[in-house]
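Novice: Each chain is listed here by its residues.
Protein chains: 2
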Amino acid sequence: MSTLQNDTFLKALMRQPTDYTPVWMMRQAGRYLPEYRQSRKNAGSFLQLCKNADFATEVTMQPLDRYPLLDAAILFSDILTVPDAMGLGLYFEEGEGPKFERTLQLEADIKKLAVPDMSKLQYVFDAVSQIRKTLNGRLPLIGFTGSPWTLATYMVEGKGKTDFLTIKKMAYARPDLLHHILDTTAQTVIQYLNAQIAAGAQAVMIFDSWGGALSHDAYKEFSLNYMQKIVNGLTKTNDGRVVPSVVFTKGGGLWLEAQAAIGADALGLDWTVDIGSARQRVGAQVALQGNLDPAILLSTPEAIEKEVVKVLQSYGHGHGHVFNLGHGITQLTPPENAAAMLDAVRTHSRQYHQ
Amino acid sequence: MSTLQNDTFLKALMRQPTDYTPVWMMRQAGRYLPEYRQSRKNAGSFLQLCKNADFATEVTMQPLDRYPLLDAAILFSDILTVPDAMGLGLYFEEGEGPKFERTLQLEADIKKLAVPDMSKLQYVFDAVSQIRKTLNGRLPLIGFTGSPWTLATYMVEGKGKTDFLTIKKMAYARPDLLHHILDTTAQTVIQYLNAQIAAGAQAVMIFDSWGGALSHDAYKEFSLNYMQKIVNGLTKTNDGRVVPSVVFTKGGGLWLEAQAAIGADALGLDWTVDIGSARQRVGAQVALQGNLDPAILLSTPEAIEKEVVKVLQSYGHGHGHVFNLGHGITQLTPPENAAAMLDAVRTHSRQYHQ
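From first to last, the protein sequence lines are chains S and D. Take 0 as the starting number for the first sequence in numbering that gives the first Met the number 0 and just add one per residue. Take 0 as the starting number for the second sequence in numbering that gives the first Met the number 0 and just add one per residue.
Don't read these hints as lab results, they were simulated from the structure. Note that the structure is predicted; figures quoted are calculated from it, not measured. One thing to keep in mind: the hints can contain errors.
[What the hints assert, rightly or not] List of simulated lysine-lysine pairs, DSS-like, C-alpha gap at most 30 Å:
#1 D:Lys305 / S:Lys219
#2 D:Lys228 / S:Lys309
#3 D:Lys50 / D:Lys235
#4 D:Lys309 / S:Lys219
#5 S:Lys160 / D:Lys98
#6 S:Lys219 / S:Lys110
#7 D:Lys305 / S:Lys160
#8 D:Lys228 / S:Lys228
#9 S:Lys305 / D:Lys98
#10 D:Lys110 / S:Lys305
#11 S:Lys110 / S:Lys40
#12 D:Lys309 / S:Lys160
#13 D:Lys158 / D:Lys40
#14 D:Lys219 / S:Lys160
#15 S:Lys160 / D:Lys158
#16 S:Lys158 / D:Lys98
#17 S:Lys219 / D:Lys158
#18 S:Lys309 / D:Lys160
#19 S:Lys160 / D:Lys160
#20 D:Lys219 / S:Lys309
#21 D:Lys305 / S:Lys228
#22 S:Lys219 / D:Lys160
#23 D:Lys40 / S:Lys305
#24 S:Lys158 / D:Lys160
#25 D:Lys305 / S:Lys98
#26 S:Lys111 / S:Lys158
#27 D:Lys160 / S:Lys305
#28 D:Lys305 / S:Lys110
#29 S:Lys158 / S:Lys98
#30 S:Lys158 / S:Lys132
#31 D:Lys158 / S:Lys158
#32 D:Lys160 / D:Lys228
#33 S:Lys98 / D:Lys309
#34 S:Lys98 / D:Lys160
[Said to hold, decoys possible] Calculated from the model, a selection of chain S residues having no Cβ within reach of chain D, i.e. all distances over 12 Å:
#35 Leu3
#36 Asp53
#37 Leu68
#38 Thr165
#39 His179
#40 Ala194
C-beta atoms are modelled at their ideal positions from N, C-alpha and C, and glycine is treated no differently.
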């Protein structure tokens, strides 16, 4: 493997000194970029972008080529590759979110759920290898997964962005069934992330997109516990380097103390949290990643710079901050506004690292 | 006015001693009740239920007749009566949420926005009077409104449950325009709630359904500030009684300290917050209302009782707690499960008031 030329991101995740605050953007390879839209057209579908290593590499590299100030690459893929490999039949309808052909609602179906053979996800590991080769040490590569709770919401409800009533009914009426789903998914995810690491992922992130829909108690029981199992099961070093992990529960700002205790290196924050208060609450246990509202990128370069400065000021002096949006960049973002954000982070963050 | 026979709810809002924890349910007059579905059929539409005082009274009374353990009535209406009166043209399409014929996005349209004549909302005040007459002192009646931020999201986006990108773009690029909308709406809401109080509402609640979509800073600037203006402008006593106020930001659990400081008597909590921690954070400044996840009512009477006990235990001994769901009851709730919740609250709460 070639030498890593920019390890600012990895150092920040481990709260080691850096010269500036590193930055990347959730969903940085995405529909706001015209070159991405072209690749998607060429591939024919979103799933083909994910399942073909050439396309996945192409779109992973696009934001890096456009924005020299990015400090990390992230594997282009989807969290739903895992339930797809578990046999649920992922598909997309144009203009709608992802859906599954089968759902897990009946006891008999749930009891049949098993950890799939990782060969079904070989296309993901192939993409990781090819991206690493293409990066050639330019930037570190992030691998990722959905959290077991988040993946289970799709598996039980059959789609995302629901009211979660079917899965919550299961959580309260038949917690044994839900725990079986979550446990099987957690075991799958451990193998999945470790195979990504073996293929070359230099950091890993667990996206808990729907943990914030749970009550404080239920969050610990049905989401955080399983993320802890995953963190415990992760390969800690590869190729002579620590592989840091980031846990991100959208809407989970009330539970940062509990999140900080599961052993991950960093926590992702959405924009509802004041990052300075978050830092006070979790102390020196973890690095923090976030947390500009992606909607701000729809405004003006002046407003963007002002809001970037507020986040940097709020985190304050010292290391352990990875700048990011509080959620994925929206497809309506003018690409030059993303550049304005990256510029502002680099310009204004150096003073906090002196 | 007839003597109030059960003032447990009003006392709890003012943190005065009560024998048990009073309870009501957000959206207690709603689609989970077969008698409500029949009334709606008779009325022809949801809006007709709101705009006809006989129908509004009929459905307001339905849960009270079914559940003798409820401690408050709430006016049957909709938060969108206000933007409708402000000229935006509210309508409902079957199977979809509320929509508006016109939206506020152009500067010229926004600058024309004005406080409407309250005569346009006379049907609401008529409903309040008629419900009070029908209640005949049996239970106190709650009036309500949406928060200016929440109402503005509908006025700018044209519908609810959006990604809020249009209004957030305005918030960051043209805050002056958004402040004009919010200020005009806040002035309208003050008149609206005071007219509800004059007509007989004995407590008022401000629903900030979408405040949780904002960043911590933006929440204070665009939502909380305007709720504070409203609280400052409210009639404090009527007919010899204090008229307590409740402020509820769904998804606002991170900001309870700021909410507690605006002068309302109570805060509503959704289920993501541990009510015991919330009590520690806001001390004796305000009463707390909440916060069972409404999804729990889809499970079993045994699970419901267990979860009710957890909420009561978490709040602990002493007064100042109004039991409620953390959001509106879902239409899928079996009516007998709501009864199980009410029974559990009455049975298990007395010990905390001794």
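Novice: None of the hints should be skipped; say for each whether it holds.
Specialist: Quick rundown of the hints versus the structure:
A C-alpha spacing of about 17 Å is found between D:Lys305 and S:Lys219, which places the hinted pair at or below 30 Å, so the restraint holds. For the suggested pair D:Lys228 and S:Lys309, the alpha carbons sit about 26 Å apart, so the restraint of at most 30 Å is met. For the hint linking D:Lys50 to D:Lys235, the alpha-carbon distance of about 27 Å falls within 30 Å, and the restraint holds. For the suggested pair D:Lys309 and S:Lys219, the alpha carbons sit about 15 Å apart, so the restraint of at most 30 Å is met.
Pair hint S:Lys160 plus D:Lys98 holds up; C-alpha atoms about 20 Å apart against a cutoff of 30 Å. With a C-alpha separation of about 23 Å, the suggested pair S:Lys219 and S:Lys110 falls inside the 30 Å cut-off, and the hint holds. At most 30 Å may separate the alpha-carbon atoms for a hinted pair to count; D:Lys305 and S:Lys160 meet this at roughly 28 Å. Between the alpha carbons of D:Lys228 and S:Lys228 the distance comes to roughly 48 Å, so the proposed pair goes past 30 Å and is violated.
Between S:Lys305 and D:Lys98, the direct Cα distance comes to roughly 34 Å. Violation of the 30 Å bound is thereby established for this hinted pair. Pair hint D:Lys110 plus S:Lys305 holds up; C-alpha atoms about 26 Å apart against a cutoff of 30 Å. Annotation: proposed proximity of S:Lys110 to S:Lys40 is violated, straight-line Cα distance about 39 Å (limit 30 Å). At most 30 Å may separate the alpha-carbon atoms for a hinted pair to count; D:Lys309 and S:Lys160 meet this at roughly 28 Å.
Taken as a hint, the D:Lys158 and D:Lys40 pair is honoured in the structure, with Cα atoms around 24 Å apart against an allowance of 30 Å. The hinted pair formed by D:Lys219 and S:Lys160 meets the criterion: a straight-line CA distance of about 27 Å does not exceed 30 Å. The suggested pairing of S:Lys160 with D:Lys158 holds, with an alpha-carbon distance near 17 Å, which does not exceed 30 Å. For the proposed pair S:Lys158 and D:Lys98, the alpha carbon gap of about 24 Å is at most 30 Å, so the pair holds.
A C-alpha spacing of about 34 Å is found between S:Lys219 and D:Lys158, which places the hinted pair above 30 Å, so the restraint is violated. Taking the CA atoms of S:Lys309 and D:Lys160, the gap is near 28 Å; set against the 30 Å cutoff, the hint holds. Distance hint between S:Lys160 and D:Lys160 is fulfilled; the C-alpha atoms sit about 11 Å from each other, no more than 30 Å. Between D:Lys219 and S:Lys309 the alpha-carbon distance is near 15 Å, which keeps this suggested pair within the 30 Å criterion.
Between D:Lys305 and S:Lys228 the alpha-carbon distance is near 27 Å, which keeps this suggested pair within the 30 Å criterion. The straight-line distance between the Cα atoms of S:Lys219 and D:Lys160 is roughly 27 Å, inside the 30 Å bound, and the hint therefore holds. Distance check on the hinted pair: D:Lys40 and S:Lys305 sit about 53 Å apart at the alpha-carbon level, beyond 30 Å; violated. Between the alpha carbons of S:Lys158 and D:Lys160 the distance comes to roughly 17 Å, so the proposed pair stays at or under 30 Å and holds.
Straight-line distance between C-alpha atoms of D:Lys305 and S:Lys98 comes to about 34 Å, which puts the hinted pair past the 30 Å bound. For the hint linking S:Lys111 to S:Lys158, the alpha-carbon distance of about 20 Å falls within 30 Å, and the restraint holds. At most 30 Å may separate the alpha-carbon atoms for a hinted pair to count; D:Lys160 and S:Lys305 meet this at roughly 28 Å. For a cut-off of 30 Å, the pair hint linking D:Lys305 to S:Lys110 stands: about 26 Å separates their Cα positions.
For the hint linking S:Lys158 to S:Lys98, the alpha-carbon distance of about 5 Å falls within 30 Å, and the restraint holds. A hinted pair counts as satisfied when its Cα atoms are at most 30 Å apart, and S:Lys158 with S:Lys132 does not qualify at roughly 35 Å. Annotation: proposed proximity of D:Lys158 to S:Lys158 holds, straight-line Cα distance about 22 Å (limit 30 Å). The suggested pairing of D:Lys160 with D:Lys228 holds, with an alpha-carbon distance near 25 Å, which does not exceed 30 Å.
Restraint check for S:Lys98 and D:Lys309: not satisfied, since their Cα atoms lie roughly 35 Å apart, outside the 30 Å limit. This hinted pair checks out: S:Lys98 and D:Lys160 have alpha carbons roughly 20 Å apart, not beyond 30 Å. At roughly 33 Å from the closest C-beta of chain D, the C-beta of S:Leu3 stays outside 12 Å, upholding its exclusion from the interface. The non-interface label for S:Asp53 is consistent with chain D: the shortest C-beta to C-beta separation is roughly 32 Å, beyond 12 Å.
Chain D leaves S:Leu68 outside its interface by the beta-carbon criterion, the shortest separation being 21 Å against a cut-off of 12 Å. Once the 12 Å rule is applied to beta carbons, S:Thr165 is inconsistent with being away from chain D; the minimum gap is 9 Å. With a cut of 12 Å on Cβ distances, S:His179 stays outside the contact zone with chain D, its closest approach being about 17 Å. Even its closest Cβ contact with chain D, about 34 Å, leaves S:Ala194 beyond 12 Å, as expected for a residue assigned away from the interface.
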